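J.: Here's the letter readout for the chains.
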Amino acid sequence: MKRAAGSVAGRNGSDSTYSSEASGGDMAEHLAQTQVNRSALAWMFVAQGLTLLPLFFYLPKWLPFLWAAAVILRVQVFRGVWGFPSSTVKALLGAVGVGGLYLSFNRFLGIEPMVAFLVLAFTLKLVEVKSRNDLLLVLYIGFVAIAAQLIFNQTLWLSFYGVACTLVLLAALQSLFQHRHLRWRRQLKHSLVILLQAIPVMLLLFITMPRLGQIWSVPLIQEQAKMGFSEDMSPGDLANLARNNAIAFRVSFNEGDIPAPQNRYWRGLVLDAFDGRKWERKQRWYPIINGARSSSQLHPDWRLNNLEPEQRYDYSVMLEPHGYSWLFTLMPAVKVESQALRTLFTNNYLLLATERVTARSYYKVQSLQRYSVSTEQLSVDERDVQLALPKVGNPGSRRLVADWQAQNLSAEAIVNRALAMFGDDFTYTLQPPTLGVDSIDEFLFESQRGFCEHFASAFTFLMRAAGIPARVVVGYQGGEYKTGSEHLVVRQSDAHAWAEIWLEGRGWIRVDPTAAVAPARIERGFSESLNASDSDLVRVGADAGFAGMWVYRMQSRIEQWDYLWHKTVLSWDNEKKSQTLQRLLGSLDPWRTALFFIGSLFGLLGLYFLMGLALRSRPRLALETQLLNRAKARLSSRGFISNPSETPRAFAARVKSEFPQLGTQFDDIVSSYERVAYRAQPQAIALLRRRVAKFRP
Amino acid sequence: MNNTISALTTQIGTVLLGKEPQVKLALACLFAKGHLLIEDLPGMGKTTLAQCLSRVLGLAYQRVQFTSDLLPGDILGSAVYEREKSQFHFHPGPVFTQVLLADEINRSTPKTQSALLEAMEERQVTVEGETRPLPEPFFVIATQNPLSQAGTYPLPESQLDRFLMRISLGYPNRKAERQLFEGVDPRARLAEIEPVIDLPQLQSLQAQVQDVKATQQLLDYLQRMVEFTRNDESFTYGLSPRGAMAWLRAAKAWALIDNREYLLPDDLQAVMSAVVGHRVRGVHSHSVSGQASPARSLVDHLLNSVSVIETR
Numbered sequence: 000m001k002r003a004a005g006s007v008a009g010r011n012g013s014d015s016t017y018s019s020e021a022s023g024g025d026m027a028e029h030l031a032q033t034q035v036n037r038s039a040l041a042w043m044f045v046a047q048g049l050t051l052l053p054l055f056f057y058l059p060k061w062l063p064f065l066w067a068a069a070v071i072l073r074v075q076v077f078r079g080v081w082g083f084p085s086s087t088v089k090a091l092l093g094a095v096g097v098g099g100l101y102l103s104f105n106r107f108l109g110i111e112p113m114v115a116f117l118v119l120a121f122t123l124k125l126v127e128v129k130s131r132n133d134l135l136l137v138l139y140i141g142f143v144a145i146a147a148q149l150i151f152n153q154t155l156w157l158s159f160y161g162v163a164c165t166l167v168l169l170a171a172l173q174s175l176f177q178h179r180h181l182r183w184r185r186q187l188k189h190s191l192v193i194l195l196q197a198i199p200v201m202l203l204l205f206i207t208m209p210r211l212g213q214i215w216s217v218p219l220i221q222e223q224a225k226m227g228f229s230e231d232m233s234p235g236d237l238a239n240l241a242r243n244n245a246i247a248f249r250v251s252f253n254e255g256d257i258p259a260p261q262n263r264y265w266r267g268l269v270l271d272a273f274d275g276r277k278w279e280r281k282q283r284w285y286p287i288i289n290g291a292r293s294s295s296q297l298h299p300d301w302r303l304n305n306l307e308p309e310q311r312y313d314y315s316v317m318l319e320p321h322g323y324s325w326l327f328t329l330m331p332a333v334k335v336e337s338q339a340l341r342t343l344f345t346n347n348y349l350l351l352a353t354e355r356v357t358a359r360s361y362y363k364v365q366s367l368q369r370y371s372v373s374t375e376q377l378s379v380d381e382r383d384v385q386l387a388l389p390k391v392g393n394p395g396s397r398r399l400v401a402d403w404q405a406q407n408l409s410a411e412a413i414v415n416r417a418l419a420m421f422g423d424d425f426t427y428t429l430q431p432p433t434l435g436v437d438s439i440d441e442f443l444f445e446s447q448r449g450f451c452e453h454f455a456s457a458f459t460f461l462m463r464a465a466g467i468p469a470r471v472v473v474g475y476q477g478g479e480y481k482t483g484s485e486h487l488v489v490r491q492s493d494a495h496a497w498a499e500i501w502l503e504g505r506g507w508i509r510v511d512p513t514a515a516v517a518p519a520r521i522e523r524g525f526s527e528s529l530n531a532s533d534s535d536l537v538r539v540g541a542d543a544g545f546a547g548m549w550v551y552r553m554q555s556r557i558e559q560w561d562y563l564w565h566k567t568v569l570s571w572d573n574e575k576k577s578q579t580l581q582r583l584l585g586s587l588d589p590w591r592t593a594l595f596f597i598g599s600l601f602g603l604l605g606l607y608f609l610m611g612l613a614l615r616s617r618p619r620l621a622l623e624t625q626l627l628n629r630a631k632a633r634l635s636s637r638g639f640i641s642n643p644s645e646t647p648r649a650f651a652a653r654v655k656s657e658f659p660q661l662g663t664q665f666d667d668i669v670s671s672y673e674r675v676a677y678r679a680q681p682q683a684i685a686l687l688r689r690r691v692a693k694f695r696p
Numbered sequence: 000m001n002n003t004i005s006a007l008t009t010q011i012g013t014v015l016l017g018k019e020p021q022v023k024l025a026l027a028c029l030f031a032k033g034h035l036l037i038e039d040l041p042g043m044g045k046t047t048l049a050q051c052l053s054r055v056l057g058l059a060y061q062r063v064q065f066t067s068d069l070l071p072g073d074i075l076g077s078a079v080y081e082r083e084k085s086q087f088h089f090h091p092g093p094v095f096t097q098v099l100l101a102d103e104i105n106r107s108t109p110k111t112q113s114a115l116l117e118a119m120e121e122r123q124v125t126v127e128g129e130t131r132p133l134p135e136p137f138f139v140i141a142t143q144n145p146l147s148q149a150g151t152y153p154l155p156e157s158q159l160d161r162f163l164m165r166i167s168l169g170y171p172n173r174k175a176e177r178q179l180f181e182g183v184d185p186r187a188r189l190a191e192i193e194p195v196i197d198l199p200q201l202q203s204l205q206a207q208v209q210d211v212k213a214t215q216q217l218l219d220y221l222q223r224m225v226e227f228t229r230n231d232e233s234f235t236y237g238l239s240p241r242g243a244m245a246w247l248r249a250a251k252a253w254a255l256i257d258n259r260e261y262l263l264p265d266d267l268q269a270v271m272s273a274v275v276g277h278r279v280r281g282v283h284s285h286s287v288s289g290q291a292s293p294a295r296s297l298v299d300h301l302l303n304s305v306s307v308i309e310t311r
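Here the protein sequences line up with chains A and B, keeping their order.
Residue 0 is where the first sequence starts when you use numbering that gives the first Met the number 0, and the numbers rise one by one after that.
Residue 0 is where the second sequence starts when you use numbering that gives the first Met the number 0, and the numbers rise one by one after that.
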């Protein structure tokens, strides 16, 4: 350390001691400005590492290594092993970094390249930190980096983490201005005090400042991982999802009824083209979007001016980012409001966002409780689409339908026949056998074991073969109702596929063949419907034993907090702000808000000032006395209570006479106390502190 | 330094059996350049202590038995006419010594008492207009009998204040007394005692007392106690600044004997009774020097009422 200090000082043309050892005065101040002391540097490394950690997960994988290299370089410079890099080296490093970013992203515009660029600057600045001002700059970039963390992830936990990062950054900032080295816990305590003082100001700003919309929801992030089901459905797709316990979305019901479990069908996607194995969308999104209707007004198919609460479901959906553009609603959604998303209705009553959903989003929906759509007739085009089947393949199924048609059954009778067939011989399982080319035939006549997509697919095929317009709907079914926070949690494992058929006079109606096989799936939820071997595969809730139960409970508690955090804090918008201010101030006059803001700010400052005065006027016990008292308090639990007129040494002797070993320990404490208090050796306080810390009678 | 002092105490210990605390106090008193008042019955070893101290320190020793007809001149000395030289020549009295034992000081008249006490304070004697310095060091051990009060002239408060400490030797403990019975006469042992230190060493020890460190925390404790004697209602009057200074000095000497160059509250407490006891008077005690017990309980009251470490 001495050598390093000497070499750093020597480089700057001064042989004075190192700034952390300087105790004040002009020279010390000068040194502090022109040099970076050891503890400040250490604090900065820690603060930077913590701040960058969450960002590294979303950025190119080589950035952490670059950071580590920069840290090593800076440490070597500090130790005097290497000199500061020359301008050429720095220019080279910068060019390599920028080039690396371009290679990783192939573009410079967009949120991720920009954040990566910030991280690059943050990292490389480290190399040329020479003076206090340089370090200040790095730390200020750190605060921006904390804000950048929230671009990628807005959970409650990351918010806490951001606060922790702020705390460490503040400690680093403070350590820059200290001539004396403080222990890290003490340093953190100081920054905690500062942070606590800032919290009321933060709340004040939160309440009064106008909102600029949910800027984090601006869907600029390109490389969003896709979650949930994809744009088509093959046998086995949803069964894989069943093992995914992640939350898909949450619903809170604002007013009116909550649908019964068997009616909670959250439609996401309608699939109407079948190739013998896979169901796909017939239409591309563009024409749908072009011909779609705005969702912010009541759906034009329902010429209703005002929906009574008992006629509708009124609910808010908080959707986790899934990287697709479809949204989930109950059939049929008639009105949608959203701050973050631009939404559209499609012709088959789906709700669609105009952009991919890359951030947690919030939308309010009204759906009708009872409905009938397209009752009169289908257009010729649509009828063709909903009846289309491959020319060849699955001959067994076609023969079966031909049999039914030969019996001159009505459409309803055919539906019932099909459902009855499923109910009689089929098994609902997570582990269906793999199917070949004629997947419907193999499923219906050989394996007879399947998950929801097998049933939906086979049923729709049968209906179309029988001339009944039919389509597959993919979405989620059910959800777990949280009574504490009154909301419904829908997970990926609730993913489901069912069918919709069109019957003359009744319009489009929902038919769920899975309900015929495994009614428990629909009524009580997914995990209830499984047999033992399937349960082993998914392991949720009570099935997972004691430890699993605990984990499950903990997880659901955390999810609940996260939900509340998002609902109350992150979705705070101008409307909520206005309501709160109205309640607080009585009216929304700008001058009232301004007066409230300025008044509260100065009130707070005055309060802090008075608190400072009060704290200063009350003299505190000397630190060594506090420490000794702490040791005495621990002794009192063993029955030793010191008499006020007893000197520490006499008390130690008394303890020693009864418990020699304890007494010896306490004797050591007393002797270091005496060194501080009576021998004017303040440096012994460290020893005293250690001894008291270790003293556990 | 440590060896010297421990050699001193062990040497004295061979003569004065089982009296370590009193011996230490007496030494502290000597190192602090104060005088000692021993309040005790006859035959408790007062003379032995005084002689013993003078021998181990290699100091000159004189003893004066105070009686009601003792005159100042008998102590200080007087000018005597010498026929050969046809002039008065000063014959120094017993006060011109290094250790003076003033036995039963309260038996003499206030005039004689004050002559001695002035000499104690000024460390010089003025006879017939001529001022003569007393030898260095000058250490007075005065004794008085606490019981027989008839025909005595009790020392007034102002005079008592001249003594740094007031102690009592008390009876020896069983073991020490048995050793007395079995062993040789302490007076015979006295003769065998060799001086342990010389005058320069003693003076350097006395100088070191001043260098003993007292921190703010310790001075706080002293000041809290001094203030307590002045404010508490069980005291008629509190400790004077001179008394407080004396206390600090005595405590420093005690610390030095304990081989420390810094003061502990323990030092203040150790010398408290000897230094404070005769300087304060309780509301209920009428005698100043007579009974020891009320002053004793007053000192205990002081000790128990002031906390060593500041509490808030």
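Hints are computed from structural coordinates only; laboratory data are not their basis.
Quick caveat, the model's predicted, so the values are computed rather than measured.
Warning: the hint list may mix true and false statements.
To be verified - Using 30 Å as the maximum straight-line C-alpha spacing, the simulated DSS-like pairs for lysine-lysine come out as follows: (1) A:Lys631 - B:Lys174; (2) B:Lys23 - A:Lys655; (3) B:Lys174 - A:Lys655; (4) A:Lys655 - B:Lys212.
J.: All hints, please: hold or fail.
T.: A quick look at each hint next to the structure:
no.	hint	in the structure
1	A:Lys631 - B:Lys174	38 Å, violated
2	B:Lys23 - A:Lys655	25 Å, holds
3	B:Lys174 - A:Lys655	27 Å, holds
4	A:Lys655 - B:Lys212	27 Å, holds
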